[in-house]
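Modelling step: build the complete structure from the supplied sequences, incorporating the hints.
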Amino acid sequence: MCDDTVHNMDVPDYDAGRIEKKWMRIWDDENLFALNENSARPKRYVLEMFPYPSGDLHMGHVRNYTIGDAMARAARMRGFDVLHPIGFDAFGLPAENAAIKHRTQAAAWTYRNMECALATMRRMGFSYDMDRLQQTCSPEYYRWGQWIFEKLWERGLVYRKKSPVNWCPGCKTVLANEQVVNGRCWRCDSLPERRDLEQWYFRITEYADELLADLDKLPGWPERVKQMQANWIGRSEGADIDFILCDSDGEPDPDQRITVFTTRADTLFGCTFFLLSPEYDGLIDLVEGTSWEAGVRAVIEGAQRVSAVERAQGTLEKHGAFTGRYVVNPVSGQRVPVWVADYIVSDYGTGAVMAVPCGDQRDFEFARKYDLPIVPIILSDEDRLALEESGESIDTYNGESVDWDRAHTAEGTLVQSGKYTGLRGGKHSEGEAAIVADLEDAGVCRRKVEYRLRDWLISRQRYWGNPIPAIHCAHCGIVPVPVDELPVVLPEDLDLGAGETLASHPEFYETTCPICGEPARRETDTMDTFTCSSWYYLRYCDPHNTDLPFSRAAASRWMPVDNYVGGIEHAILHLLYSRFFTKALRDIGLLDIDEPFENLLTQGMVKDEHGEVMSKSVGNVIAPATVIEPYGADTLRLAILFIAPSEKDFSWDANAVEGANRFLRRAWRVVWRLSRDAGEDALSATCSSLDKSSLDDAALALLRERHRAIAKCTADFDRHQFNTAISAVMELVRAASAWVGSKGRRDPALCGLIATDIVSVLAPICPFWADELWHEALGHAADVYSAPWPAFDPEEAASDTVEIAVQVMGKLRTRSVVPSGATNEEMRLAAEHAARKWIADKTVVKAIVVPGRLVNLIVR
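The UniProt record's numbering puts the first residue of the sequence shown at 1, with every later residue one more than the last.
Think of the hints as simulated: they come from the structure by calculation, not from any bench. Glycine included, C-beta positions come from ideal geometry on N, C-alpha and C. Treat the hints loosely; a few may be bogus.
Said to hold, decoys possible - What follows is a set of in silico ranges between Cβ atoms, one per label pair, in the way DEER data are often shown:
| no. | residue 1 | residue 2 | range |
| --- | --- | --- | --- |
| 1 | Asp495 | Ser556 | 40 to 50 Å |
| 2 | Met228 | Ser291 | 42 to 52 Å |
| 3 | Gly821 | Lys217 | 37 to 47 Å |
| 4 | Ser39 | Arg815 | 28 to 38 Å |
| 5 | Leu700 | Val850 | 47 to 57 Å |
| 6 | Lys21 | Leu700 | 35 to 45 Å |
| 7 | Glu223 | Pro519 | 50 to 60 Å |
Said to hold, decoys possible - Derived BS3-like pairs (lysine-lysine); straight-line CA-CA distance at most 27 Å:
| no. | residue 1 | residue 2 |
| --- | --- | --- |
| 8 | Lys811 | Lys842 |
| 9 | Lys226 | Lys43 |
| 10 | Lys427 | Lys226 |
| 11 | Lys43 | Lys217 |
| 12 | Lys162 | Lys448 |
| 13 | Lys607 | Lys648 |
| 14 | Lys419 | Lys448 |
As structure tokens, then:
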């Protein structure tokens with residue numbers, strides 16, 4: 001124990017700028033974060049989604065990477081062998097646009113931005129193993145992307161076909177369906193057009209069932225993300241049903257059939273018209289040379305100006321035209337007119353739809369607009385009851401038209417449905433099963449499973465991307481580039497400002513066929529940049545392998561990623577594609593896992609003071625340097641983790657930064673004073689070496705607070721709830737500060753223990769601050785991350801009191817603190833005292849008590 005003279009000695013100033021420069025240099029010199037593998041330790045793979053290098057990092061990046069860094073540093077202290085790498089998703093259209101704007105090369109712009117981002121990462125103290133850095137625009141990386149492409153090609157998972165695609169006039173390239181968001185280009189917000197182009201595809205639909213089923217293997221993923229993926233895959237069990245097409249004279253032609261896929265065969269009696277998509281193959285043949293041709297062509301042309309995704313949403317005004325032709329309803333035998341409608345798309349089913357306007361809102365709106373019949377064929381349970389109470393029967397129900405303002409329920413009792421009247425209607429209903437069985441017997445129906453998911457269109461008519469390793473030969477067709485000639489190197493000297501592309505660059509595309517040796521042409525499309533980000537986490541496992549993209553042994557050691565951190569905006573695109581790559585590479589023989597990411601944390605957005613998400617394109621970002629310069633990186637890290645739970649959005653708050661800095665300075669002073677009170681011999685104290693019998697009541701109270709804080713920090717770190725973990729440390733610092741400032745006896749061992757613990761639990765969050773105190777105040781030679789995480793006693797951590805909610809007539813009014821284990825009567829008395837101003841002049845007639853949680857006072 002030291003006397004008051006020592007206790008009142010000045011402590012060193014907390015100079016964040018000096019401290020952070022010092023430790024950046026030491027960490028670099030010691031290569032502290034390079035992985036030193038030790039297979040005797042359990043592994044922990046912590047990964048944040050890597051950034052696109054469009055400039056310096058913004059606060060959204062800082063939040064993402066600080067969360068991951070805190071996870072990785074804590075895992076090291078918990079005894080794990082930690083893989084924590086970083087890289088850059090470095091291909092993409094913004095580099096081309098920037099190169100044109102700034103009259104530079106896309107490569108030069110990209111590499112300059114990566115250097116800038118790396119400098120900020122270093123200033124933030126992120127503990128990345130830089131020996132594993134990956135840049136997707138490096139030939140050493142994209143070589144293996146081309147290798148994977150060819151392996152998938154060998155397995156039949158790559159093909160090329162001509163089909164209608166989403167063409168973005170702004171980006172001047174095609175978009176996958178997933179890249180059309182709310183009807184617009186995901187990157188530039190342009191309205192895509194429909195064009196017929198020859199394109200390359202990945203056959204992701206081969207894995208549709210597994211991608212859907214294996215969502216159940218991901219309990220560590222947010223339910224919202226899993227539901228988004230399930231909805232996008234969109235598995236539907238139904239049937240293909242053939243409608244016989246009538247000839248131009250209106251006579252059924254059994255040799256001409258149009259097939260529709262439906263999950264609701266039970267609604268066939270309500271099919272009053274038939275719809276074809278504008279892209280339907282053979283549509284023009286139906287109307288060519290007729291008076292109906294002009295109207296149909298107008299619908300086709302109009303649909304080309306709107307994306308398929310936006311059309312399918314059905315929120316736009318619907319346009320259609322009659323084709324002059326009819327099909328025969330296979331259950332009723334009635335002829336129904338065939339129309340073309342722009343809200344029908346060819347991406348789902350067959351591009352033909354049996355319209356049932358009584359039960360589908362889009363069909364209902366179309367029928368109202370074009371005065372087509374709407375025949376009710378399903379009664380809801382409520383409507384059936386009302387019908388029966390009126391004395392009518394479902395067998396005699398006759399509703400030839402409706403006066404509704406919208407479509408009605410699609411489940412209930414079938415009416416006006418021939419022999420099926422009275423059966424239950426709905427998906428997988430007895431009515432659906434009966435109708436399908438009869439149509440199967442008639443040879444016009446087949447059970448089928450359909451998916452909303454389409455194959456992944458990967459062709460991009462842009463320059464700055466991974467070249468597709470294919471050669472077009474007039475004699476041999478399309479052949480792969482020989483593996484020993486990979487990578488097909490992307491030239492870095494195109495004059496984009498002059499309009500040069502790979503297709504106008506003979507030095508790139510002129511080649512010879514590897515089979516016949518004749519002159520041939522390289523493929524000039526590049527791959528969707530999502531192909532680069534769909535397997536990068538695997539390359540980190542084995543970054544210097546020159547024989548394979550990664551070895552199976554290395555992947556077996558590290559995969560799956562234990563903690564993956566990134567934005568909810570990647571819920572479908574990146575995450576779905578990565579899951580597909582993992583399964584395909586497993587089937588090639590490179591992996592022995594089914595899923596790439598075991599636990600997923602989708603961090604919330606950082607917003608400005610107006611509630612708008614910070615974005616470089618909007619121009620409302622706050623540069624990290626504006627906080628680092630005056631306060632230090634540790635203050636920024638602490639503030640961004642403390643403001644809100646990791647998964648929640650928050651608006652940037654400058655006051656929170658100032659508050660975080662005040663806390664760090666206070667904790668700094670407390671640790672220094674505790675270390676001096678401890679003395680050199682007591683700085684290595686542990687719980688087991690502490691003599692509790694020598695502690696007075698104040699010291700025992702602090703020790704209990706210490707156990708409680710460490711227990712909560714440990715649990716909250718495991719749940720990635722850093723804001724509540726920080727709150728627990730703040731309580732411990734507050735208690736320690738009061739104890740240090742008291743005039744009682746201060747036990748040296750307890751001083752050393754509390755000082756060590758405060759630094760240890762804050763080390764993953766404030767690493768520069770912690771390392772400085774660990775070495776200078778606490779006198780340790782090794783780094784704080786090689787020290788064990790503080791232990792705690794669960795019994796000591798248990799609080800002597802609990803906080804209960806106090807309600808009056810079911811409305812929360814206040815809270816009260818009662819002893820742990822308080823009886824119902826004790827809780828009631830405490831609640832009445834706490835709520836006295838709300839129950840004055842009233843009589844408590846009943847108290848509803850939930851032990852240890854709440855009391856609800858019923859008054860009159």
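So, going through the hints one by one against the coordinates:
Separation of aspartate 495 from serine 556 is about 46 Å and conforms to the stated range, judged on CB atoms against 40 to 50 Å. Checked against the given bound of 42 to 52 Å, the beta carbons of methionine 228 and serine 291, roughly 46 Å apart, stay inside it. Look at glycine 821 against lysine 217: about 41 Å separates their beta carbons, and that is inside 37 to 47 Å. Between serine 39 and arginine 815 the beta carbon distance is about 50 Å. The supplied range of 28 to 38 Å is therefore violated.
At about 31 Å, the CB distance of leucine 700 to valine 850 disagrees with the hint of 47 to 57 Å. Checked against the hint of 35 to 45 Å, the C-beta distance between lysine 21 and leucine 700 comes to roughly 41 Å, which is consistent with it. Under the hint 50 to 60 Å, the C-beta atoms of glutamate 223 and proline 519, about 56 Å apart, fit the expected range. Proposed proximity of lysine 811 and lysine 842 is supported: the alpha carbons are some 16 Å apart, at most 27 Å.
For a cut-off of 27 Å, the pair hint linking lysine 226 to lysine 43 stands: about 26 Å separates their Cα positions. Restraint check for lysine 427 and lysine 226: the C-alpha separation of about 23 Å stays at or below 27 Å, so the hint holds. For the given pair, lysine 43 sits about 20 Å from lysine 217 by alpha-carbon distance, which is consistent with the 27 Å threshold. This hinted pair checks out: lysine 162 and lysine 448 have alpha carbons roughly 25 Å apart, not beyond 27 Å.
With a C-alpha separation of about 11 Å, the suggested pair lysine 607 and lysine 648 falls inside the 27 Å cut-off, and the hint holds. Proposed proximity of lysine 419 and lysine 448 is supported: the alpha carbons are some 24 Å apart, at most 27 Å.
In this structure, the hints that do not hold are numbers 4, 5, in rising order.
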